[in-house]
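Here's the letter readout for the chains.
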Amino acid sequence: MLEMLSYPFIIRALVVGTLVSLCSALLGVNLVLKRYSMIGDGLSHVAFSAMAVATVMNWAPLWVAIPVVIAASFILLQLSSGGKLSGDSAIALLSTGALAIGIFIISMKSGINTDINNYMFGSVLAISKSDVSLSVMLSLVVLVLYVLFYNKIFAVTFDEPFARATGVKVDFYNMLIAVLTAVTIVLGMRMIGALLISSLIIFPAMSSMRLFKCFSSVVICSAVISVMCFIAGLVVSFEYSAPTGASVVIINIAVFAVFCAIDFIKGRIHLKDSAFDK
Amino acid sequence: MNSTLIRCSDVTLGYENMTVLEHVSFELNKGDYLCVVGENGAGKSTLIKCLAGLKKPMEGKITFSGSVNRRDVGYLPQQTAIQRDFPTSVREVVMSGCLNNSRLIPFYSKADRERAANHMAELGIGELADKSYRELSGGQQQRVLLARALCASNKMLILDEPVTGLDPIVTGEIYSIIKKINHKYGMTIIMVSHDVKTAVKNANKILHLKNTVQFFGSTEEYLNSSTGREFIGGQR
Chain A
232 MLEMLSYPFI IRALVVGTLV SLCSALLGVN LVLKRYSMIG DGLSHVAFSA
282 MAVATVMNWA PLWVAIPVVI AASFILLQLS SGGKLSGDSA IALLSTGALA
332 IGIFIISMKS GINTDINNYM FGSVLAISKS DVSLSVMLSL VVLVLYVLFY
382 NKIFAVTFDE PFARATGVKV DFYNMLIAVL TAVTIVLGMR MIGALLISSL
432 IIFPAMSSMR LFKCFSSVVI CSAVISVMCF IAGLVVSFEY SAPTGASVVI
482 INIAVFAVFC AIDFIKGRIH LKDSAFDK
Chain B
133 MNSTLIRCSD VTLGYENMTV LEHVSFELNK GDYLCVVGEN GAGKSTLIKC
183 LAGLKKPMEG KITFSGSVNR RDVGYLPQQT AIQRDFPTSV REVVMSGCLN
233 NSRLIPFYSK ADRERAANHM AELGIGELAD KSYRELSGGQ QQRVLLARAL
283 CASNKMLILD EPVTGLDPIV TGEIYSIIKK INHKYGMTII MVSHDVKTAV
333 KNANKILHLK NTVQFFGSTE EYLNSSTGRE FIGGQR
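Respectively, the protein sequence lines represent chains A and B.
Take 232 as the starting number for the first sequence in this note's numbering and just add one per residue.
Take 133 as the starting number for the second sequence in this note's numbering and just add one per residue.
Just so you know, these hints were derived from the structure itself, not from any lab.
Among the hints, a few may not be true.
Derived DSSO-like pairs: lysine-lysine, alpha-carbon spacing no greater than 27 Å straight-line [stated by the list, open to error]:
1. B:193 - A:400
2. B:193 - B:181
3. B:181 - B:311
4. B:333 - B:316
5. A:503 - A:444
6. A:400 - B:333
7. A:497 - A:444
8. B:312 - B:287
9. B:312 - B:162
10. A:497 - B:263
11. B:193 - B:342
12. B:311 - B:287
13. A:265 - A:444
14. B:342 - B:316
15. A:444 - B:287
16. B:187 - B:342
17. B:181 - B:316
18. A:400 - B:187
19. B:187 - A:265
20. B:162 - A:444
21. A:400 - B:316
22. B:181 - B:312
23. B:287 - B:188
24. B:333 - B:312
25. B:329 - B:316
26. A:265 - B:181
27. A:265 - B:263
28. B:312 - A:400
29. B:242 - A:400
30. B:287 - A:503
31. B:287 - B:187
32. A:265 - B:188
33. B:333 - B:287
34. B:263 - B:162
Please read all numbers here as calculations on a predicted model, not as lab measurements.
For reference, chain B alone in the conformation it holds in the complex (with noise of 0.2 Å):
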């Protein structure tokens, strides 16, 4: 059954009285892996801030449907310089994704626990729980705020350029991880990418901005589409 998850209703984005973004519509079913594409500057992180309730549209709509809602978004953001030397174990980062479950309660559940614990293992890092995040490699941190994600939500996850600084090895197994995630429990991803001939690999469908929507629709029409074409032979 394809149910409508996410649906982006003619949204227009941007900074006080500068747009970024105008015109961006687009919806998403359940288990799509929706990648985001576009030169720098061209607002794909504007969007995935405001697809992750970070920001409000200037005009336009973002409604999601069904089982989900807006606190039913895992999602990943860029690392910060504070959390480089942020003292704390993985377990405490990862059980902070649990927060939006235990909205009454001031503390974590035996529950919480346990899924982060899941969410861990699943991911590789179980090992770890106890070791300082900031001694982690950039790969191994990148797993466990992914971790943090899937306790957040099991339905939707939104990345904002997940493999920045990673060399290519580790790359690959963060991509792999992110397929599996899709593959595995249906969910539903957004990822915006610089790299673009990995997203069509990966990705069931494509968003191509350019302060506006240039492209959007499934892979195999991007790669027949002129501005596809042009983009992914400009990378080259």
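Excised from the complex, chain A in its bound form (with noise of 0.2 Å):
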């Protein structure tokens, strides 16, 4: 196992995945919360029709990709909020269309192959040397920008009205947290795929809400998930050579189901307990 540490690009992988998973897990709960769970879907099938655009024009991926996202995440709030479109068929537009527009540019210039396969569904191999520092900065601003406002996203994933009557700024917040979300998104979806990505949002905070009840410990519960499913979904792919996008879901698949069971023996005991106080 520690073989895998010899390639560099291994390396590259872990650094970025294990990044990119802390921050997806810190939103994911924030989105699961505020009902936002596909924005991530949405928002991964723009990031790859961005991506066949800067492949066919041969940019730099990353570069078209986080501006196109940005405000890809704006549109997708603005049309929720503003009540003309519903939030899920708000995504579901804009998700089905960036992906047929990706797909007929793509293939434009390439044939369908092996380039929409990695942007589907993600490649280890995908992270350049440059990537890497550019994904280690944006997912390190990702970080400190929500620990620094980790209560105001509290309060405004808790109780918008309270929160803007007591004079948060609720919209700012929305807003951080959809730029975020897309960063975050951009950065992780090379390697995880853009079908799959969405999963690192969701299924971490899905799990630890299963087993923790107060928002601290979701929060922390969920970031440790992540970054374990990450390094051993890594693991596997490599042991395996499978894909890692794959991997890391089906291990946060298991962890889901473990949690769940837990939960519903809690839930036996607990019932047991009370039916014996009576």
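Since each chain comes alone in its own frame, lean on the hints to assemble the complex.
Shown next, in the form of structure tokens:
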């Protein structure tokens, strides 16, 4: 197993992947609670399309995708908060629309083959040396902003009207969450894959909500689960030469199942106890 | 001393092109307990949202005076579906009321913690501090949200139907807590209520809305007015 650490591309994947898993787990708790679970899915499809354009034009993919996806996240927020379109249909429109455009553009140039496959399902080889420094920097920015604004983000997620009434700049924090999510998605999607990246946002949050009942412990547990699952997934994918994204998601499914089981058993024990009390 | 705390002058409220409320004017002094009554769709909640700063009036002006400003409002909104299964402890919720006082510092101060603890103790939820909010009863949840509102302000409290869905005993408890807050701290209370009889018992001023102001004045005047007699009679 230690042998895998001798490959530079694995080290790069490990560094970027750990940071991205951390960011996505933290943001994921807020997105799931705000009923925005699918926002990651929509944004990753937009990122796919942006990267397709970048590939065709020979531009640096990250530099194209990040601004485009941030713009898309603004549009999504506006669409769903304006009430003209409901949140889920707005996301569905955006994601399928972007996907179609991306596939169209990429097939003009190279024919449908490896590029699409890599973007859709991810590849550990996708992270180049120059990407690492940018990814590390951006994910550190996401982490620092999240920690700095943790209390406000909690307030906005739990009760928007109250937060607004007490003078918290709700729109700013909603934007902040959207932008941070956009950056995280773009950084993670090439390794995990456009189709799978949203599971990195949803699974850790859902698993930790099974067992933990206070917000801070849900956030911490979700971060721990996410990083552990990523590392385990990377090892599995290396051992079995399987795609990294799929391996990480499978480990996340397993953890979710275990947490559900524990929650169920705890519930039964609790029931039994209260039956004895009577 | 009767200092005017909040003044609504000729306020018109609505959504897009539709007017919900027009020509609303009233003023409240420090320590007043105002109940906003009226039928469904009369614009009660819309007015409350505007007073809490969530909505801008289409016309007219709401002015706060003296020592109070826009931020000095403790607001108790109606509960949302998101909150019912939100994983959070009671302390986390109450603490989030302190955010307007620490706007420059991103974290809570020791004073914030003490304030939150005091308000929790006072509302009888001190021992629930580490419990999960979603596992509390409706009445306990409402106390938590009240404690949070008290952390946000010690001058004015705005409540939007605080007893919806609670049983009569708990409803009575919540009303007496609100009454106590009004008496003990001289906090100004503005409350929307469906339950006009309790409103009349507790409040010293009544604002009766029906797309405009039907009545505004003291509770005694309201009981003797035709609007008041008709509305209270109608509820029996």
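The hints, checked one at a time:
1. This hinted pair checks out: residue 193 of chain B and residue 400 of chain A have alpha carbons roughly 22 Å apart, not beyond 27 Å.
2. As the CA atoms of residue 193 of chain B and residue 181 of chain B are separated by approximately 14 Å, the hinted pair is consistent with the 27 Å bound.
3. The hinted pair formed by residue 181 of chain B and residue 311 of chain B meets the criterion: a straight-line CA distance of about 22 Å does not exceed 27 Å.
4. This hinted pair checks out: residue 333 of chain B and residue 316 of chain B have alpha carbons roughly 18 Å apart, not beyond 27 Å.
5. Note on residue 503 of chain A and residue 444 of chain A: the hinted pairing holds, with a Cα-Cα distance of about 21 Å set against a maximum of 27 Å.
6. Using a Cα cut-off of 27 Å, the hinted pair residue 400 of chain A and residue 333 of chain B is violated, with the two alpha carbons roughly 38 Å apart.
7. Distance hint between residue 497 of chain A and residue 444 of chain A is fulfilled; the C-alpha atoms sit about 14 Å from each other, no more than 27 Å.
8. Taking the CA atoms of residue 312 of chain B and residue 287 of chain B, the gap is about 14 Å. The hint holds against a cut of 27 Å.
9. About 15 Å separates the Cα atoms of residue 312 of chain B and residue 162 of chain B, which keeps this hinted pair within 27 Å; it holds.
10. Our distance criterion of 27 Å between C-alpha atoms is met by residue 497 of chain A and residue 263 of chain B, whose separation comes to about 17 Å.
11. With a C-alpha separation of about 20 Å, the suggested pairing of residue 193 of chain B with residue 342 of chain B holds against the 27 Å cut-off.
12. Using a Cα cut-off of 27 Å, the hinted pair residue 311 of chain B and residue 287 of chain B holds, with the two alpha carbons roughly 14 Å apart.
13. This hinted pair checks out: residue 265 of chain A and residue 444 of chain A have alpha carbons roughly 16 Å apart, not beyond 27 Å.
14. The hinted pair formed by residue 342 of chain B and residue 316 of chain B fails the criterion: a straight-line CA distance of about 32 Å is larger than 27 Å.
15. A hinted pair counts as satisfied when its Cα atoms are at most 27 Å apart, and residue 444 of chain A with residue 287 of chain B does not qualify at roughly 32 Å.
16. Only pairs whose Cα atoms come within 27 Å are accepted, and residue 187 of chain B paired with residue 342 of chain B is accepted, the gap being roughly 19 Å.
17. Distance hint between residue 181 of chain B and residue 316 of chain B is fulfilled; the C-alpha atoms sit about 26 Å from each other, no more than 27 Å.
18. Straight-line distance between C-alpha atoms of residue 400 of chain A and residue 187 of chain B comes to about 14 Å, which keeps the hinted pair within the 27 Å bound.
19. As the CA atoms of residue 187 of chain B and residue 265 of chain A are separated by approximately 22 Å, the hinted pair is consistent with the 27 Å bound.
20. For the given pair, residue 162 of chain B sits about 40 Å from residue 444 of chain A by alpha-carbon distance, which is inconsistent with the 27 Å threshold.
21. Taking the CA atoms of residue 400 of chain A and residue 316 of chain B, the gap is near 32 Å; set against the 27 Å cutoff, the hint is violated.
22. Restraint check for residue 181 of chain B and residue 312 of chain B: the C-alpha separation of about 24 Å stays at or below 27 Å, so the hint holds.
23. Under the criterion of a C-alpha separation no larger than 27 Å, the hint pairing residue 287 of chain B with residue 188 of chain B is consistent with the structure, at around 22 Å.
24. For the proposed pair residue 333 of chain B and residue 312 of chain B, the alpha carbon gap of about 14 Å is at most 27 Å, so the pair holds.
25. Taking the CA atoms of residue 329 of chain B and residue 316 of chain B, the gap is near 23 Å; set against the 27 Å cutoff, the hint holds.
26. For the hint pairing residue 265 of chain A with residue 181 of chain B, the CA-to-CA distance comes to about 21 Å; that is within 27 Å, so the pair holds.
27. Restraint check for residue 265 of chain A and residue 263 of chain B: satisfied, since their Cα atoms lie roughly 22 Å apart, inside the 27 Å limit.
28. Of the pairs offered as hints, the one joining residue 312 of chain B and residue 400 of chain A is violated, with about 32 Å between alpha carbons and a cut-off of 27 Å exceeded.
29. Proximity of residue 242 of chain B to residue 400 of chain A is assessed by CA-CA distance (about 23 Å); at most 27 Å being required, the pair is judged to hold.
30. Between the alpha carbons of residue 287 of chain B and residue 503 of chain A the distance comes to roughly 48 Å, so the proposed pair goes past 27 Å and is violated.
31. Between the alpha carbons of residue 287 of chain B and residue 187 of chain B the distance comes to roughly 21 Å, so the proposed pair stays at or under 27 Å and holds.
32. A C-alpha spacing of about 25 Å is found between residue 265 of chain A and residue 188 of chain B, which places the hinted pair at or below 27 Å, so the restraint holds.
33. Distance hint between residue 333 of chain B and residue 287 of chain B is fulfilled; the C-alpha atoms sit about 22 Å from each other, no more than 27 Å.
34. Under the criterion of a C-alpha separation no larger than 27 Å, the hint pairing residue 263 of chain B with residue 162 of chain B is inconsistent with the structure, at around 35 Å.
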